[in-house]
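Chains A and B supply the protein sequences, listed in that same order. Each residue of the first sequence is one higher than the one before, starting from 1 at the first, in my numbering. Each residue of the second sequence is one higher than the one before, starting from 1001 at the first, in my numbering.
Among the hints, a few may not be true.
[Unchecked claim] Partner residues aside, some chain A positions facing chain B, computed with beta carbon under 7 Å:
#, residue
1, P143
2, V149
3, V157
4, G262
Treat the hints as calculated values from the structure; they're not laboratory data. Please read these numbers as outputs of a predicted model, since none were measured by experiment. Positions of the beta carbon are idealized from the N, C-alpha and C atoms, including for glycine.
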Amino acid sequence: MRIYILRRLAEAVPTILMITLVVFVMMRSIPGDPVVALLGDAFTEEDAAKVRNEYGLDKPILVQYGLWLAKLAQGDWGTSILSGRPVLKDVLVRLPVTLELIVLSMAVALAIAIPAAIIGALRQNTWADYSATTIAMIGVSIPEFFAGVLLLLVFSVALHGTLPSSGWVYLPGTCPMLVCTGSVWANMMHVVMPAVALGIGRAALLTRLLRASMLEVIRTEYITTARAKGLAEKPVVLKHALKNALIPTVTVMGLQVGFLIGGAIVVEALFAMPGLGSFGIDAIIARDYQQVQGFALITAFAFVVINLIVDLTYSLLDPRIRYA
Amino acid sequence: MNTLPNVDLPVVGELAGAALAAARSESPLAQALRRLRKSKTALFGGVIAVALVVVAIFADVLAPYSPTASDQRHTFEAPSRAYPLGTDQLGRDMLSRLIHGSRISLAVGVASVLLALFVGVPLGLVAGFYGGRLDAGIMRLMDLVLAFPIYLLAIILMVIFTPTAGLIGTIKVVGAIAIVRIPIYARLVRGSVLSIKEKEYIEACRALGVGDRSILFHHVLPNSLAPIIVTTTLGIATSIIVEATLSFLGLGTQPPTPSWGWDLKANVAFIHQNPWLALFPGLAIFVTVLGFNLFGDGLRDALDPRMK
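Working from the sequences, and respecting the hints, build out all of it.
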């Protein structure tokens, strides 16, 4: 198992390198460079040349990429051109925020999808099934930012600020400042609307998928056998049917991570959260090359790790699947 | 001794012919259309989509005001008879902005999917049909695009293209979304080509000496159309969401061109004072996406009843 995980991670290295290289080349093909943003409008060509030299921007692109890789190998993610802070430090501060958002939104999605799909599959073509599938269809069609706006309208406007409409309170232990009031309760109050906004579309998608695979599984012979030998309905559904129906769902959840990372950019922008999404988009717009590279690297890495987790989950759900 | 039953051979021929004719009278396409007509949700989705196309085409006639004319005397007005959906911070009529905004959403949604289709389908056909190095080369490139989170790639592409207003700005958004979606078609088509090209009727074509091009376009492509049609309809819904998201992040078509995503973003800032301003553009996006999703879903059930 450990060897398998190590092998998978090693195999992922070329993919990660490829993604960072493409982002590197693409960012440098954008018209304009960060020097202008750094020095303002009034600067001499001499100043600009000095700054470009300082950040190595005057070298050929592939040489620059090689230098970035060489530094990366020593654990140096570079320094943000605009903020002057080490990129790795900022990534580590922002990662827990986005991770919390994504994990909770997945939890929201599953908490809605599993019961809805079970009801839909067991009571196929009844009003309960129709309402579950209709709500799922509506959920699939709501973009994250509109779901967020609807939540804002209800909890921040109509209910006069029951939940905070923007900002962030760090979990204890993840706070970047020296003086910090980390609080689990305040953190939850801040994360609940973004997590629901991001999770609701995934919930809808997973409901549709899980309902379809539940319908398939429930007609198989081993379910009939389980019922015939007198097993109660609850273990039949939860232990035998659900566990097997979850396998395709887990695959799709893994594929959805790309959307979740994109969705996080939008939701973080809407709720003014200090996560990786806003870190990435700010950097892309400001052409902060080093920061963009850091964002691309952590995103690509997250992709690989999550796909690995998905594959490992298969063996939990189906013991016949083993990795050696 | 095995003998034929004592019937007139012409009668047997007639019966078989009649049966064939009956079967032929309802082609798979006709069957699919019949199933589609029976689906109320698909019809509902179709009606929404058609209504939106009509609104977009006749926007100039339907909109009561100009979508960009500001009126400083009527800023932030609540919905009223004069302004059914209220006005924004520049005193622009929200209803007129939404009516004109439908043009961007629909144009980008449809055009980006068509562009992705016209590039992706031939790539998939060629990759699947010829295989070998060509296949490996094309598919590695597609995998590389797919390895990116789609929003990340679309955002970077939009920054490279630098967002602008008007037609040029719209074309840039179409291009960015199309590039992101090309691999979806390439993969889909390659997959069905791989299974179709092993079928006996393709072998029969080859034995008859039919050329590659004719086999590809007359036999392989028509048989892989169903998933392409479904993906296209559902793809329009996704593209409309991506367009709205880009606009929401400030990277879509730029003002003064009215766009739903941009309006939503601009008005979220005033959500506490004027909640309706953020609500209406969002509702417009939602209803449009719902329409295409319902229609695409019904289409899938109609074209492939096993998937229901």
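- Query: For this structure, which hints from the list above don't hold up?
  - Reply: Failing hints: none at all.
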